[in-house]
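So the protein lines, in turn, are chains A and B. 196 is the number that the working numbering gives to position 196 of the first sequence; each next residue is one higher, with no gaps. 98 is the number that the working numbering gives to position 98 of the second sequence; each next residue is one higher, with no gaps.
Warning: the hint list may mix true and false statements.
Claimed, not checked - Taking beta-carbon pairs under 8 Å as the criterion, some of the chain B residues facing chain A (in silico): (1) 88; (2) 90; (3) 93; (4) 94; (5) 97; (6) 98; (7) 103; (8) 297; (9) 298.
Claimed, not checked - Now the in silico label distances, taken between C-beta atoms and shown as ranges: (10) B:177 with A:285: 28 to 36 Å; (11) B:123 with A:290: 46 to 54 Å; (12) A:290 with B:177: 31 to 39 Å; (13) A:172 with B:180: 42 to 50 Å; (14) A:290 with B:165: 30 to 38 Å; (15) B:117 with A:26: 53 to 61 Å; (16) A:30 with B:117: 50 to 58 Å; (17) A:158 with B:285: 46 to 54 Å; (18) B:56 with A:285: 52 to 60 Å; (19) B:255 with A:324: 51 to 59 Å; (20) A:119 with B:74: 50 to 58 Å; (21) B:222 with A:103: 51 to 59 Å; (22) A:313 with B:56: 15 to 23 Å.
As the list claims (entries may be wrong) - Result set (DSS-like, lysine-lysine): computed pairs, CA atoms no more than 25 Å apart in a straight line: (23) B:56 with A:166; (24) B:56 with A:173; (25) A:251 with A:211.
In case anyone wonders, no lab produced these hints; they're calculated from the structure. Heads up, the beta-carbon is just placed ideally off N, CA and C, and yes, glycines get one too.
2 protein chains.
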Amino acid sequence: MHLPIILTGDRTTGPLHLGHYVGSLQARVRLQHTHDQYLLLADTQALTDNMGTPQKVSDNVLEVTFDYLAAGIDPRKSTIFVQSQIPELAELSMLLLNLVSVSRLERNPTIKAEIALRGFERDIPAGFLVYPVAQAADITAFKATLVPVGDDQLPMIEQTNELVRKFNTLVNKEVLVECKALLSQVTRLPGIDGNAIALGASPDEIKKAVKQMYTDCNHLRIDDPGEIDGNVVFSMLDAFEQDRVMLAELKAKYRRGGLGDGVLKRRLEDHLQELLAPIRERRQLFAADRQEVLAILKQGTDRARETAARTVGEVKRALGLNYFE
Amino acid sequence: MHLPIILTGDRTTGPLHLGHYVGSLQARVRLQHTHDQYLLLADTQALTDNMGTPQKVSDNVLEVTFDYLAAGIDPRKSTIFVQSQIPELAELSMLLLNLVSVSRLERNPTIKAEIALRGFERDIPAGFLVYPVAQAADITAFKATLVPVGDDQLPMIEQTNELVRKFNTLVNKEVLVECKALLSQVTRLPGIDGNAIALGASPDEIKKAVKQMYTDCNHLRIDDPGEIDGNVVFSMLDAFEQDRVMLAELKAKYRRGGLGDGVLKRRLEDHLQELLAPIRERRQLFAADRQEVLAILKQGTDRARETAARTVGEVKRALGLNYFE
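Kindly generate the complete structure, drawing on both the sequences and the hints.
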């Protein structure tokens, strides 16, 4: 009866693209049949480093939902919900903040890397420094035991479990639940070239994106031997070519010389057009019915809020913050 | 019709004492007639440096409420509410955290002093570092324009107004309201001797506390000249002796010599017994009817939550986080 609980989701800073599809969406469509899957539209988390452009964040809540539904997420099987609409997540975040030191947060390798990446230095927004705690609140509020992550995000899981143990020890009760990383086995698409193809891209946009893909700059004539490593088109074929025998042959021929980029790109484009056509079609249908999608989101958010409120109720009760019960 | 809005309150770490009475409670009893006064029982703020002893914090919510009511706070005039029961305050805190940098928080003089005081050093809990932001959320959620503070807390007001300006500039709308410090003019009671007399202290406890009060350690015999400065009994008389002429005479006589500590202490004790007797009596009545007091708290909290929810609704709307409206 009780399926294992998964918490995953996306920051709502833009529509999803092919990289999301092979990196997470495909797996989620599978997992929703065997797991109790919560899909978080992380708008408040996105604000921690996009506070200057709040509309970008809020506008993309619906865009990402279109992508979810178009890719095959079934709202009867997965709970799609909006982070900002669940005040209990903020409550839990504020309480968990008391169980972690500033220096511990500053040592978080993911945060350190991201601070460097964004050039925040000492001007890091406080919301950004503490977002691993907010993430721990998201995970623990749903008592998720599985969190699909890349290996660069393992410190987040560790931070979450530290907080779980600290809280449970404090109240001397197993209120929160530890989680495990579900490491993704799928290929990461290379660079931004491949990733930049949105799930809702038009046939022309797909064609153009493939045309611009980097191959091997020394492969000037068809007869020249070509390089596979760092060749974006081959990396994309690794992800999308079902016929693995054919792919091995193509690679061998390319290395020897005698195989033109055009042939490869046409093959890749065919696969992408075929993959994205039905997704685009479904996406257009959902995008044309915003009210229906909002209703789906509302329903998921209500359901998620009930769960989160139950957990945060237990947390507050364990701390004695339940005066009116 | 619209009275100016005041936000004030207490961290719930213990029952209130004489120091609170002359430092703030007396003024609140007056202000409730001319102001729309919100009285915050700051249990979640108290947890930022008392997370190890949550029961101390939650137990004292009712204790402080007894003190409020016994001192003359009228729940029909003042809105007494519990911070942890208003999730919208946590929501607003989390949003405002994106508008302040970690280094700005670390520069806050009050926080710096308190970090040193508590010996936190680098192990400062994240919740403690960010509590000025939570305080800004408390103030702005009620659109309070007046916040009674000591001058050591002026940086808190400044931090709040910085956040107000940043937020309003960001959304290009006057959503939040700046506040002003209402500097208290009353005497601060000296040391812990005087402060340690709880509002609910028994006659014996009052007697004992006065007996133990420090006067002038060189004032050995009645005829010796005595020192007024640093003399706790005189500082207490400064706060509680209504007859200012008599007080001046007592001081003069004490300085010359010929006035014993016992006479002074009896006089002070009489004043304190007289002041605290009706407070203690009312406090006992309230403490005997916890259900009634809880109902008062619940009513105040519901009322406060409505106001906070309205403001946080405006905040979220201005950021575009109102998908389901």
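Outcome of the hint check:
{"no.": "1", "hint": "88", "in the structure": "holds (6 Å)"}
{"no.": "2", "hint": "90", "in the structure": "holds (4 Å)"}
{"no.": "3", "hint": "93", "in the structure": "holds (6 Å)"}
{"no.": "4", "hint": "94", "in the structure": "holds (4 Å)"}
{"no.": "5", "hint": "97", "in the structure": "holds (4 Å)"}
{"no.": "6", "hint": "98", "in the structure": "holds (4 Å)"}
{"no.": "7", "hint": "103", "in the structure": "holds (4 Å)"}
{"no.": "8", "hint": "297", "in the structure": "holds (7 Å)"}
{"no.": "9", "hint": "298", "in the structure": "holds (5 Å)"}
{"no.": "10", "hint": "B:177 with A:285: 28 to 36 Å", "in the structure": "violated (45 Å)"}
{"no.": "11", "hint": "B:123 with A:290: 46 to 54 Å", "in the structure": "holds (49 Å)"}
{"no.": "12", "hint": "A:290 with B:177: 31 to 39 Å", "in the structure": "holds (34 Å)"}
{"no.": "13", "hint": "A:172 with B:180: 42 to 50 Å", "in the structure": "holds (45 Å)"}
{"no.": "14", "hint": "A:290 with B:165: 30 to 38 Å", "in the structure": "holds (35 Å)"}
{"no.": "15", "hint": "B:117 with A:26: 53 to 61 Å", "in the structure": "holds (54 Å)"}
{"no.": "16", "hint": "A:30 with B:117: 50 to 58 Å", "in the structure": "holds (55 Å)"}
{"no.": "17", "hint": "A:158 with B:285: 46 to 54 Å", "in the structure": "holds (53 Å)"}
{"no.": "18", "hint": "B:56 with A:285: 52 to 60 Å", "in the structure": "holds (57 Å)"}
{"no.": "19", "hint": "B:255 with A:324: 51 to 59 Å", "in the structure": "holds (56 Å)"}
{"no.": "20", "hint": "A:119 with B:74: 50 to 58 Å", "in the structure": "holds (54 Å)"}
{"no.": "21", "hint": "B:222 with A:103: 51 to 59 Å", "in the structure": "holds (58 Å)"}
{"no.": "22", "hint": "A:313 with B:56: 15 to 23 Å", "in the structure": "holds (21 Å)"}
{"no.": "23", "hint": "B:56 with A:166", "in the structure": "holds (18 Å)"}
{"no.": "24", "hint": "B:56 with A:173", "in the structure": "holds (18 Å)"}
{"no.": "25", "hint": "A:251 with A:211", "in the structure": "holds (19 Å)"}
The earlier numbered hint that this structure contradicts is number 10, and it is the only one.
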